[in-house]
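There are 2 protein chains.
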Amino acid sequence: MIYKSVSTYTLQRLPIYLEFLKSLSKDKFIHISATNIAGALGLNDVQVRKDLALISSGGRPKIGYPTQNLIYDIEKFLGYDNVDCAVIAGAGDLGRALLSYDGFSKYGLAIIAAFDVDEAIIDTAINGKKVLPAHKLKDLCSRMKVRIGIIAVPAPYAQDICNQMVDSGILAIWNFAPVVLIVPDNVLVQNEDMAFSLAKLSKQLSKRLSISQ
Amino acid sequence: MIYKSVSTYTLQRLPIYLEFLKSLSKDKFIHISATNIAGALGLNDVQVRKDLALISSGGRPKIGYPTQNLIYDIEKFLGYDNVDCAVIAGAGDLGRALLSYDGFSKYGLAIIAAFDVDEAIIDTAINGKKVLPAHKLKDLCSRMKVRIGIIAVPAPYAQDICNQMVDSGILAIWNFAPVVLIVPDNVLVQNEDMAFSLAKLSKQLSKRLSISQ
DNA sequence: TAGATTGTTAATCGATTAACAATC
DNA sequence: TAGATTGTTAATCGATTAACAATC
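Quick mapping for you: the protein sequence lines, in order, are chains G and L. Residue numbers for the first sequence follow numbering that gives the first Met the number 0, beginning at 0 and rising by one. Residue numbers for the second sequence follow numbering that gives the first Met the number 0, beginning at 0 and rising by one.
Accuracy of the hints is not assured; some may be wrong.
Which copy is meant is left open, so a pair is good if it fits within one copy or across any two.
Think about it this way: if two alpha-carbon atoms lie no more than 27 Å apart in a straight line, the pair counts; the simulated DSS-like pairs of lysine-lysine are [claimed, not checked]:
| hint | residue 1 | residue 2 |
| --- | --- | --- |
| 1 | K128 | K27 |
| 2 | K61 | K3 |
| 3 | K49 | K25 |
| 4 | K206 | K105 |
| 5 | K61 | K25 |
| 6 | K128 | K202 |
| 7 | K129 | K75 |
| 8 | K25 | K137 |
| 9 | K144 | K128 |
| 10 | K21 | K105 |
| 11 | K206 | K144 |
Hints are computed from structural coordinates only; laboratory data are not their basis.
Given only the sequences and the hints, what does the whole structure look like? Please build it.
See the structure below:
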């Protein structure tokens, strides 16, 4: 299947559909309708249908989409079926949490090593992944042709680590540090900044509270 | 200042502006122009100006906005100046990372306690915050009138914990579990699902790679 | 004054939603 | 057949961007 280009809006909804579809009983939901999905997730049914049309071979009127096919199509589209290697910089609490999380493989991401400056943890392993000294990052990434770098170091060190990653040929950076990274045009940055989410949550909460009183 | 309603797009950009503004030298940037901010962050200058108009008392032509005032205005708008109490369910790696992170207070969030089922860590403290047995969650939250709950438990337990939080009067849930939570209309959910970010990153990366070869 | 910048009004762009014919 | 559902075309809605007058 040749994919049309997909907006980031659609791209953000696809993992939600996937998660929902996987939560369904395989026996009871041989087929699932866009109306159903939309209802469960609080979305518009046409929107769901349009999203699905972009990545799947389609459903049948009155019946809906074959659930398992749809799961497969979404996973395929999202690239969960082929594994990308990644390294992580920073093996503090957050880095450790990410290293310990085995769920990433499900999403096609394999963290192969971690880097840190703390002598106490260098050469130890976290969840079977070795913690290496930070100065080895560049060499290992370029030798192994690692494409994805995860930044989980404190904010002041983030840009420096980012530069090293870029130098070593990394093409996509998943940034957990609350810093706006400067990268060349050919490098992607995905910020996972908790401040954004927190801003949304607390703002909406205070709005609710001020209306309701 | 009476705020007009702000779109979620604007709301997501505000923390980015804030972070950028804080990174500026206080001496060199008494004032900052929307053009400058836009240039540094890769945004459109009119967009920045419109965003800022919604939350600040305005800048002056040719001069720009007083940097410190702007920082204050954004923080005030985002509610970073008044502290909300929160509890966290799940003191595994992720929960531990969140508990250990002292930066949340900056965003007006104070995690006051954690809850877990693991006897080995109950009654210990992480970063000065006590880990309590899970069955005490409801009682403590309703007694302390906690408004925000953070879910960092494995996916299968998330909905149950969510229900307990809702029952105890929590109004906003920050959900780190990859699950679509079902909540009453009056409860807010903010999903911090890494699958979304990862989907975006890996999809964009594979697109780039397929174009460039 | 000249020019950089603000803030506003109008145009554009694109995502969402509504309407509806086709299909099972 | 009747009715639920798909998929498409058109309308709506709202965010972004362009144009420009006002201002320092």
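Mind listing which of the numbered hints don't hold for this structure, in increasing order? 1, 7 and 8
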